[in-house]
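Listed in order, the protein sequences are those of chains A and B.
Just so it is clear: in the first sequence, position 166 is 166 by the working numbering, and no numbers are missing.
Just so it is clear: in the second sequence, position 285 is 285 by the working numbering, and no numbers are missing.
Just so you know, these hints were derived from the structure itself, not from any lab.
Heads up, some of the hints might be wrong.
Copies of the same chain are indistinguishable here, so a pair counts whether it falls within one copy or spans any two.
Unchecked claim - With a cut-off of at most 16 Å between alpha-carbon atoms, the simulated EDC-like pairs for lysine to aspartate or glutamate come out as follows:
hint, residue 1, residue 2
1, 179, 314
2, 61, 191
3, 133, 46
4, 392, 46
All values reported here derive from a predicted model rather than from experimental measurement.
There are 2 protein chains.
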Amino acid sequence: MSDSLNRRKFLQATAVAGAASLWSPSLSAETLYEANVSDIGKSKWDLDSPALCVDLDKMEKNLKAVHTALKGTGVGVRPHVKTHKCPAIAKMQIAAGAVGVCAAKLSESEVMLVNGIQNVLMTGVNVTASKIKHAMELRKKYKGFIQAVDNMQNARDLQDAAKAAGIVADVVVDLDVIKRSGVRNGQPALELAQFVDKAPNLKFHGVLAYDGAVQHVEGFKARREQALKTFEPVVNSYELMKKAGLNTEIFSGGGTGTYDIMTEVPGFTDVQVGSYLFMDHQYMVIGGKNNEKEFDDFAPSLTVMATIINNSNEGKYVTDSGAKALTLNVPHGKIIGEPDFDYNAGSDEYGSVKIINPNKKYNVGDKFEVIVPHCDPVVNLYDFMYGIRNGKVEKILPILARGKSQ
Amino acid sequence: MSDSLNRRKFLQATAVAGAASLWSPSLSAETLYEANVSDIGKSKWDLDSPALCVDLDKMEKNLKAVHTALKGTGVGVRPHVKTHKCPAIAKMQIAAGAVGVCAAKLSESEVMLVNGIQNVLMTGVNVTASKIKHAMELRKKYKGFIQAVDNMQNARDLQDAAKAAGIVADVVVDLDVIKRSGVRNGQPALELAQFVDKAPNLKFHGVLAYDGAVQHVEGFKARREQALKTFEPVVNSYELMKKAGLNTEIFSGGGTGTYDIMTEVPGFTDVQVGSYLFMDHQYMVIGGKNNEKEFDDFAPSLTVMATIINNSNEGKYVTDSGAKALTLNVPHGKIIGEPDFDYNAGSDEYGSVKIINPNKKYNVGDKFEVIVPHCDPVVNLYDFMYGIRNGKVEKILPILARGKSQ
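One chain only, chain A, in its complex shape (with noise of 0.2 Å):
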């Protein structure tokens, strides 16, 4: 293939909506990434580091896992793109069986529509007037947009708005779990979802619930325990409202640490699985349920390339990839072959490694594959990541809803 084809497949491969947005950017792929499509065909470790890379093999064994693991429990899989904010993943998600995805922010949800993807739930709660009427735009355009609320005085606003815009807005409500969003369960959940159910211009579908405290707790068996107890309080509202002959067509929530426990929880349709597709050090080390030891379910796809830019100190090499390739995430990033070195990040650009039980001696110019702390907050910092088979760069993943936390 020539370079010149490549680059024509990239270009039609990765086009976007260019729909214009409030927060902006409608970045065109063609603007944005031309100039790194001459990589593709390059190894891994010939590229200009820092650079994030994803191990498509790795990635597309992840996608299909949660639904082979899932499959007959009766959940579904409604994946969160606040992990990879990236339309063309998405849409692998979606054809890989999730019933629709989530998204963090009306920003990110907007740049999710625009590209493409058609059934977007929104788990975060819009405040503001600008906001709210932006939103309800959205599903004047978008059909398949679903909205959170979590307090009655905001469902009176969803409602205004929704009217104003001449349409009937599709709404689930938000139950607290760890004392952060949510409406308190029991009766203030039912109130709220009755008022929702009876607005003339909200329908209302269910209900959503994320225990974002519980999917790093260590050990399966204490996960698992602390996920169900936490979820009692919402199970209950969840019953009070089908008691009340409420649609509860959604009960949604749960994560990547939670995924196989969340099947226990009765009524339960959706988990909003996100690190699952790259993994992340954060996760491996809560263990498992077949490995106490690591939480090897999903394979760990997603990794920054780092150069050794100095050696001249005793038992450290200082590489080219600090904090603003990395972020301050603990535990530190993790390097593929070197289990023992700990890879400090500390620093905003540069990264200190300290050397312990070296399987080889490394030399300026010379790259470490690290694998990324904490991977939503490390994506959010590239512009792109490189898509990555048998070590070498297949095509370029642009990270449209980078830095869309509005």
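With chain A's structure known, arrange chain B on it following the hints.
Chain B in isolation, oriented as in the chain A frame:
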């Protein structure tokens, strides 16, 4: 002024050169920021959050203050663009009297050069064949591009690449201060400088030394002592080179925490201040020469607007601005007007604010204005910042080198 006039003026003001870059993007302001032009004229309190804002009056005051303070000391200002990543701001720094700018990485340097900044000193080293080749191509095109080197093999590689490119490349030697980057001081430093000086395709300009660990030492006296002590071996290297008859026209280093201390270093030519423009909570707490409690030589101009999305839990507010908006840096962000509140951005999508000694009650939808924990990595999360004057958006400042960590 009509909206369309604003928009036209904005497009004229922010138009950037669209030359292709190895890492892309050749972002055109038109493509990226058109949609946000409609925010010009809005109150900062009405912006969709998280929104990165810079108070222009404060930033302009800071821009002047560093020059005023250093007037007559013989020490110049070579601001580090890793802090703002914004060519428009680099131009303001040059206009205010900077001798040029520093950039941390090659891709960051390129964005500055391509967008009209003539004198760029890259403080990091390029050690791979790909980056060295690209650096020489840049130097061929932009005469004011200066590169750093910190080991002999790298100097040989630069010489070979400069020769292959048919140029004489301008080089400074990076000296070790905190065992991160830099050649060992004394004889090794001298030998490296002499090698560069004799290399037919390299021109030696002097030295560079960054005392990163000293910048945030609390208390001016302690900071001054440590800074001067840490710099002793650096000064020794500089004097060896001077004695050897080498060109020592550049002796660059320091930062916002030591800008008023480096004036005591013999031979020192310019400070690489970055944070002075924006300030942040990390710098505010170190104390200044004239105010031990707060480092207030410069005013905190950079803030993130965050919206309260949930107030249903006692003792805290939940906002829409977490680690993807403010990073995990400590000390936490500081809410203007609520000095005792603790803003924890530890969660990716949500901020959690502990209510301590409140001055008022806040409702869902109200906004906090948050002084950022650490300016550099926060800026690196946003595609643009809002330039605010008297509380209103005056202009949009594209952060064109965002994510340029290569």
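Checking an output row: residue 179 and residue 314, CA cutoff 16 Å. Within, between, both or neither? This pair counts as between: shortest inter-copy Cα distance 9 Å, intra-copy 47 Å.
Homo-oligomer pair classification [residue 46, residue 392; C-alpha up to 16 Å]: Within. Shortest intra-copy distance 9 Å satisfies the 16 Å Cα cut-off; inter-copy 46 Å does not.
I want to check one pair: residue 61 and residue 191. Are their C-alpha atoms no more than 16 Å apart within a copy, between two copies, both, or neither? neither (43 Å within a copy, 53 Å between copies)
Is it within, between, both or neither when you check residue 133 against residue 46 at 16 Å Cα-Cα? between (47 Å within a copy, 13 Å between copies)
The structure does not agree with numbered hint 2 stated previously, though it agrees with all others.
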